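Enquirer: Okay, here's what each chain looks like letter by letter:
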Amino acid sequence: MFRRLRPALPAMALMALGAQAAPVDFAHQIVPILREHCTQCHAGDKKKGGLSINTRAELLAGGESGKALVPGSGAKSRLIEAVLSADPDRRMPQKGARLPVEKVNLLRQWIDEGAAWQDGFTFKPPAYEPPLRPRRPVLPPARDGRTHAIDRILDEYATQHRLPRPQPLADEAFARRVHLDLVGLLPEPDALDRFLADTSPDKRARLVRALLAQDTTYAEHWLTFWNDLLRNDYSGTGFITGGRKQITGWLYRALVENKPYDQFVRELIAYSPESEGFAAGIKWRGDVSAGATTEIQFAQSVGQAFLGINLKCASCHDSFIDRWKLDESFGLAAIYATGRLEIHRCDKPVGRTAKASWLFPELGQVDAGAPQPQRLKQLAALMTHPDNGRLTRTIVNRMWHRLMGRGVVHPTDAMQTEPWSHDLLDHLAVHLADQKFDLKQTLELIATSAAYQSHAEVMGADAAERGYQFAGPRAKRLTAEQFVDAVWQITSTAPARHDAPVVRGRASVSAPQDATTTARWIWSHANATRAPAGEVLVARARVNLKSVPLRAGAVVTADNSFALYVNGAAAGASENWESPVALSLAARLKAGTNEIVLVAKNGGAGPNPAGAFFESRIQLAGGETVTVGTDTTWQVTQTVPDNRGRFKTEPADWRPAVAVPDASVWHSSIGRQLGAQLAQAATSPQPMVRASLMKNDFLMRGLGRPHREQIVSVRPSDLTTLEAIDLNNGPLLAARLEQGAAHILAKPWPDADALAHWIFKFALSRSPGPKELASCRDLLGRTPTAQGVADLLWAVLMLPEFQLVR
Amino acid sequence: MKGMPHESPDTRREFLKQLAAAGAATLAMGEPRLRADEGVARPAATADACILLWMAGGMAAPETFDPKRYQPFEKGVPAKNILSTFPSIPTAVDGVRICQGLEHLARVMDRATLIRSAVQPDLGHILHSRHQYHWHTGYVPPQTVACPHLGAWMARVLGPRNPVMPAFINIGQRLEGVGEQEELKAFTTGGFFGSEFGPMNLPYPDDAAQSVRPPKGMEPGRFSNRQKLFRALLDGNPQRDQMSDHQQQSLLRSMENAHRLLSSRERAAFDLTLEPRENFDAYNTGRFGQGCLLARRLVEQGARFVEVTTEYVPFLHWDTHANGHETVARLHRDMDRPIARLVLDLERLGLLDRTLVVIASEFSRDALIEGVPGSNARDQATAPSDTLQEAKHYGLHRHWTGGTSVVLFGGGMKRGYVHGATSDERPLVAVKNPVSVSDLHATLFTAMGISPKTSFDVERRPFYATEDGKGRAVREVFARG
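Chains A and B supply the protein sequences, listed in that same order. The first sequence begins at 1 in this note's numbering and counts up by one. The second sequence begins at 1 in this note's numbering and counts up by one.
Next comes chain B alone, as it looks inside the complex (with noise of 0.2 angstroms):
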């Protein structure tokens, strides 16, 4: 095999037709075979890259996107008056309002569509990892197989954007040394579609360009020279001709494939300290806000799919189990800035028409209610006093099934508009337009052409991109109807 040189249209077509090649090779190959269902047609795209921010840990819909009636905190108030802990404020949008201390956000809510009627199932005892595992791969765990997460699906059904950019990176969530982390690991994976299609992690986006550098200590001249003589030893080898098999060119292109990625130009979109000082101040809120900017500059070179979460870690950030309002109230500046600041960006760069961008989280909370009326769900607050008496039991502490927000923008999705809604008073169930995972996922995925009813064969049993291949498109959301 040549090395690639450098961009021209022709190599990357070739380039393209190799990573096809590759496909075909895995086909032939891999374990377990796959095949996809080819009678399935695809929808046409609205969206060609997508980005998910995840509020990880159960954003309460009513202290951001559906504020409710507001309680300030007042010694010995009755838990059950509690709705919202923030006003709300106007938006751009007339009649739509979210929550105070989303102003930035409030400000581009005319590029959004609001879904306020996303519900979950309730899983008995509410527990993030089996939530979020389902919310990423459509699919209630456990499962008999390794269930591929959302990206992936866009990653083997769609491909990479750019060839030399991993189809699939998820910002933000550290895989290890965390709480529950074999739980993370299981849906955060290419599952039964093998590592090819599963994701480049990015625990750290100020840390993201070593991923794609040589190895820490050892400048590009030493680099180049070792790939060097690695070619060297492979042309070198007496018995080069016997031992050429597929195998072995399937091996050798992964090999080329990450080495023209960190070589590549567009590498420079993953190291932030590139990005003028005034830009990254303006996202910088902490990680989440570096995340977002980071995505965004993956976004711009060819990334397909990218997730950026604000991080799972039991009982921190959105698992807010006490002092809900004072969290949320940082939560709020951690996101506002920077997710507005990226719409607005990705509208600038003319990207957000064909930029599918999601605001989404495993479950909502509510003040009183864990799980949805007669559940069996443990109750998992520490204050159970029917009046609050302290400022650390102010806020949304339990487990909320019956309705959770979503925001999308961009990706010809509508504008200003809003679907669904919930209750103005406990329980705050959706009651109207009810949207499943199933569904909502239906809806990211005929945006970005995929049918829900793809399917693949693993085992010999056809497995769908949403569950069953039922999950069905929300059609109110699209712009085009």
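Excised from the complex, chain A in its bound form (with noise of 0.2 angstroms):
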């Protein structure tokens, strides 16, 4: 059912090859034919003649003029006759044209070979189709004082199926799951504390909107699973040859900011250059299928990411497993498509044109005939329609799987499978449309149900035969961001550089005020305010520094755009001056000689002012800080480097960049925004560095961050051996640990005792068990060592209770 590329062989090898036929492919060759040819009066509910094609079984059972088709013999069998013969009351179809000749001979050969039939294919359509605008259930009354909306649908589900409510959750283990559901990380062992001795009763609300309210915390967890979703990472498969864009600039910003998911869906669909790398997908070199282009890439991820609609089967050919076809994919890509989209079958052109198209025509339709940008401007517009209930319903069934463990759909990329709670799932998504598609709400109403805070259900190994029922949420195993994090909190142990191309935190108004810049804006000549429209600076700075920088922040903006390049790869752009951008480029920089480029075009129709800013904040090891800004050393040139800022060759006609002897023009309006951005961005106070910013390593990927070259929203859920191995003796992990035991020891502690009661504390939400506290004794003895402690925090890290969330 995946697309095939069949090898180019040479023609000689094929005529070679011309010998042999190959057996007759049932899904490829045969439904076609029989979809075409017989469905209409033989499949679904329909049964003419008492022959029904629906399945194997019901096709050799016949009809009333006996036995359709005898395997093994095409020439015994009565459909074969059926479809040859020229007696109108014998021949099939009764109606319409005859089979042409290779159809017939497909069909032969398939019932000489056996009349293959793929395993649980069927004709009949699935029986349920989930509804489409949104639904608000009625809610049942309150019982036993249960007034939260999710308690009042899950008591009554768990009265009508008489199972027993989950016992409620004890606060310490409240407080470990909330903190890593919300923000990822391990509760601080005081703060633990300080919620454990709060005997207010709404102390739980309080603490879950107290985490939603951590901005930058709360959107440095979230970014792993929309990186997964929306496949964006910081390295990977086509990154080498340009195919791919990150959009992790917007992405980071629309998780701090808590940007409505409306607008969310539609800055990804009616993309900007930021947010374009979602839609743009995977460009790979050379030649690929039809089914793989970018313009279907488009279709399958918006159809899974948005939807919850796997439309890979139906990039192919027409889905066997669920409603959607071959025309809709095709439909859906031709909304991205730039160009004239021909319509592949496995491949090979069908010989008609895609006609621009989304999936739920019963909302509105996209204009084919418009332009692309139009197009994807409809289409957002239709996404995010008030009676799509489907992307809302899609959405927060993901929001509930990943603090539940388990989806109300299930898995949560097939939403087209019936829920196990109607009420719950229509009741999670007019929620969420209700506040204005804020998400956090939709985190906040569950996590302050009853139902969240509850027991993890224990599950037996027959979990997975007898159907689906509520009684708790399930266990999740962390992922492996949250057990780097959790190992770098209680180790302090993070590093001081992250890979992520963003300025961390939240750009504020309240930055320093007496935040100032002191770089100039500067041109290639003294003409500036009345340079030539479309004129281009090409400005290099070389700065050498002492050490590697902690910290780098930077702040870029030029009159009308710019690109910036540090070391030979793209740092930056905008098309804006008014929006000067904020940049981190500590994991840019280098020990040594850097180059920093700068390229600059001015705007307009006609000669208007020109000019470009740039000024960074170096802070180096040593606490010295480099302050370097656009100014008079800066040298031009004529020649414009390639898309990564470097020089073929070097350019002879270097000359000092002039410095624009009135920025009013500029200042003016931004000037105050230039030296707070920048401020935010150099010295405003940063949390620990977070797993989620860091390139993928050995040890992430052993514990399942995934490779991000596809859609991934769901992790693994099991620990295998390879990557117990690596727990086992990994050098990553390994020297975390013995750093991390040297950290521990050097706070002060009473004595060994409280040493493992912080350790338990901290991982575990819990104090040791009299048993528990005896192996620490055992191992740690009076004076604990490096040794001693590193092995202990293995083997708490290793419990199956801290790689679990309960």
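These are calculated hints, taken from the structure and not from any lab test. Predicted model only: the values in this text are computed from it and were never measured. Idealized CB from N, CA, C, for every residue including glycine. Do not rely on the hints blindly, as some may be mistaken.
What the hints assert, rightly or not - Ranges between beta-carbon positions, derived for each pair:
1) A/R98 - B/A479: 48 to 56 angstroms
2) B/E425 - A/L60: 36 to 44 angstroms
3) A/G242 - B/E425: 49 to 57 angstroms
4) A/P88 - B/A479: 41 to 49 angstroms
Unchecked claim - With a Cα cut of at most 25 angstroms, we get these calculated DMTMM-like pairs of lysine to aspartate or glutamate:
5) A/K283 - B/E180
6) A/K761 - A/E172
7) A/K761 - B/E180
8) A/K695 - A/E595
9) B/K392 - B/E74
10) A/K348 - B/D439
11) B/K228 - A/D89
12) B/K216 - A/D287
13) B/K470 - A/D318
14) B/K470 - A/D347
15) A/K590 - B/D241
16) A/K546 - A/E535
17) A/K771 - B/E176
18) B/K470 - A/E102
19) A/K761 - B/E74
Assemble the dimeric complex from its two separately framed chains, guided by the hints.
Expert: So this is what it looks like as structure tokens:
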């Protein structure tokens, strides 16, 4: 069922192959014939002449005139006789043209070969079609004072299914779960103590809200989920050839600012240069099959991420497992296509051009004749149409899955499946729309329910076989990022620099007001106030750094647009001078000589002011700060570098840049903003660097962080043996534990028990029991050594209790 | 769970049962849901283990196993005259010649099936990483799901041969710090089977022992104490009963498996310093030679699938875009002795009959034409002149997919047999019995007792061991016919 790419054999080789006939392929060759010519009268609920071909068994059973076919003998089969017959009473199909001879031959060969059928395949359309429009369920009355909407629904559910209510969860376990679920970190021992000591009845709800209000911490946790779902990463396939674009900057800010989900989706579909990477997909060099073009990737990504619709089958042929058709996949792809898109069936053109259209025309349709940006806007509007309940159901189901361990619809990418509670799914969905698509509200709604705050289901080995019934949340495995963050938290070994090209935290107007910039606006000549439209400035600075920077914040803008390159790599760009870009350059700068190249372009139709501005504050290891800004020490050239800021040959025409004498035209409107953004990028307080901001490494890959070449909505739930080997002896973890042990020992401890208590409290959010404490004492002795602490850390981190969120 | 005591047939059986249970837990919990197609009959295996010797970067068939007319270097020689830059030498099989430089291999060709007609698709720009992905997974990228490596298929369908030995071991390829590393990682993976079936990566054979040892600097006493502490904490948990469910059990089982390998006697197989000096020297032509030795030691101890690569690094080793002749002469030295020795050692140990050794590469090379005639592939050669002026231009520098050699030893293959042929004049396309990647995989799978039609449901769609289940084993290469 997957697309195929036939080896292009040389002509001579093909001749040699010609003698062998390949067996008939049921899925790709027979299904289309039966579907086109037979199913109108003999499939689904239709059973003309008593014959149904829904399944192989029914087809073999035949109808009123006997068996339809004899496997192994096309010649003796009534089906072949009927499609060949000229007799108006016997011929099939009864109306319309006769089957072409090739098709008859295929059918005959198929029967001769035994009439193989694909296991589980049926022509009968699936019985369940999920509702599209939102539905506001009537909430059942509250029982026993449990007034939370989710609990009202689930208490009613439990009554109907005669299920016991899951037991409530203790404060310690709740605190651990909710911290890990909402912000991805362990509760710090002090914070945990404060929470436990709090006696107010609403302390759990307050904790939920407080966690969700931590913009940066929240964003850097959910970045993992969204990077997986939108297949965004900082390194990976496709980047090497420029066939792929990150959306990191856009995504990070969307999460920090908690962009409403409808707007979030609209900006990913009707993209800007910053969010384009999702729609653009991965463009591979060379030829790809028709089912893997970037247009088809667009259809697949949009379908899967936003609607929980798997269009992978239907990218190649009409799907056998759900209702989606080849033309629908290509229709969605054609919205994105900028040229003519020919429909291919199993990599062969069918002779039709795809017409731009989306999947739910009952809500309206895109105008196929409009230009691409218009079509994308129309799709974005339809996708976020108030009547598109599929969008909200899909995302709230994903949120429910993240927090509760299993979807209301499961798997979460199969939204065509019936939920185990319609009311629950529909309520969550309308609630999101009511809350103006604020996903934090959905998380708060779930996390404040008694259902969330109850014991994890204890599953038997037969869990998969006996159909799902709600019995409390299911334990979730820590993601690779949660595991690594937790290790960094406990051992204070987080890296000082991060890889993701973002300025961390929320850009805030409360950044120091005295933030001043010292750089000058520059251009290539003195007449910058009347620079020709389209004129390009290429400026370069070489910066010598004594050590690798710990941090390097920068702010850049240019009238009208710029691209910045650092050490032969693109570092940032903007099209609008009124929106300066704040950047973190720490990962791009190195000890020794660094090359910064700024390419700016003037806009407009006639002569108008042009200028470019760059300023960076670079913190070095010794505490020294270096400031680098555009000024007359920068050199300019006429030569334009390549798309990584490199010159093929060193330009010979370098001369000093000219400072624009009067920069007030820009400073009056964005001067303060430049200072504030620089201060934020360079000096604002930064919480611990998170694993979500780092490139994938062996440890994280081992713990299930995906390659992100495909969309991943659910990570593997089991620790594998190879991962366990790595946890046992991998150098990355071992090094952190050794360093961490030294950090922990450096703290003042009254005795070894206190140290053991602290490790338990941090890692497991509870104190050790008597037997556990005894084991710790055996290991640590009276005066703990670094080795002892490292081994205790390891043993605790390996516990299922640590590696699962229960 | 109890720790595993020392080996005895009973505990081994017990352990296998537990592994099977681990598989069931994966089915119960895992995403995506996988379901083997039970309806497909397994062919009778002719091999239990497979060693893939991967000539990464494009091994030129005319410079190795399919010599053509030899043309020595002369200043001003027309480039079109060059088919092979090495003269041919006779082998142990009458009438079969291979290239000079492979004298040791020539002596064991009577144990080999030599396929000279392997062909690859033309993917437009002929790019190593895409072809390597295709060769290792059977699917041309990009794909909508993460495709499992050939070794992952063997691990998933057959499981480990010895339960403590990882089923899929990958030797000699660094995945960090080399060009196109992300592209390499994309297929060096268990794919949708999950990392349980993915490779154990051992980039440096002489450092492999470290991968199965306690962490650096941890003496055995401390290592076992640490494990004891772990067990004590598990047992001492006050809420132990509430926490016991099968996700926890599966996690513990993996921890147990890991610890078992790390304290097993089989782990000695990873340690090349334990090999007698004389043997080590016989293999030691560098990392690749050491990798061959490691593969032998691992297979002796029950490894299922081992890949040893000459390592893919853009423009190095087999990726000969300049100095081709000189580079290949060095590669001959790297591969000739160790591969021959591996074959003879396996034979001496009585393992060759049930161990399939495969020499393969993503495509071949040619002195002139890249890809196939009429292809839109870009010309990657840097010396476009019609005549050779410098020795560095002497060699086979352009990618070629029309006819590639694959060598198979043991594992139920015919001995001293040549399958297929390429033209003696340019274009050097397969003119007899072409073997596609899909059919080659079907052959390897069939030898290992896996039907090429084996499928798993992923995202509710069947995904086959060979594309669409259509790979057909090349019957002629099997000794039993």
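Enquirer: Look at each hint and say if it fits the structure.
Expert: Hint check:
no.: 1; hint: A/R98 - B/A479: 48 to 56 angstroms; result: holds, 50 angstroms
no.: 2; hint: B/E425 - A/L60: 36 to 44 angstroms; result: violated, 55 angstroms
no.: 3; hint: A/G242 - B/E425: 49 to 57 angstroms; result: violated, 40 angstroms
no.: 4; hint: A/P88 - B/A479: 41 to 49 angstroms; result: violated, 59 angstroms
no.: 5; hint: A/K283 - B/E180; result: holds, 15 angstroms
no.: 6; hint: A/K761 - A/E172; result: holds, 9 angstroms
no.: 7; hint: A/K761 - B/E180; result: violated, 43 angstroms
no.: 8; hint: A/K695 - A/E595; result: holds, 23 angstroms
no.: 9; hint: B/K392 - B/E74; result: holds, 12 angstroms
no.: 10; hint: A/K348 - B/D439; result: holds, 22 angstroms
no.: 11; hint: B/K228 - A/D89; result: violated, 82 angstroms
no.: 12; hint: B/K216 - A/D287; result: violated, 46 angstroms
no.: 13; hint: B/K470 - A/D318; result: holds, 20 angstroms
no.: 14; hint: B/K470 - A/D347; result: holds, 16 angstroms
no.: 15; hint: A/K590 - B/D241; result: violated, 53 angstroms
no.: 16; hint: A/K546 - A/E535; result: violated, 36 angstroms
no.: 17; hint: A/K771 - B/E176; result: violated, 43 angstroms
no.: 18; hint: B/K470 - A/E102; result: holds, 21 angstroms
no.: 19; hint: A/K761 - B/E74; result: violated, 77 angstroms
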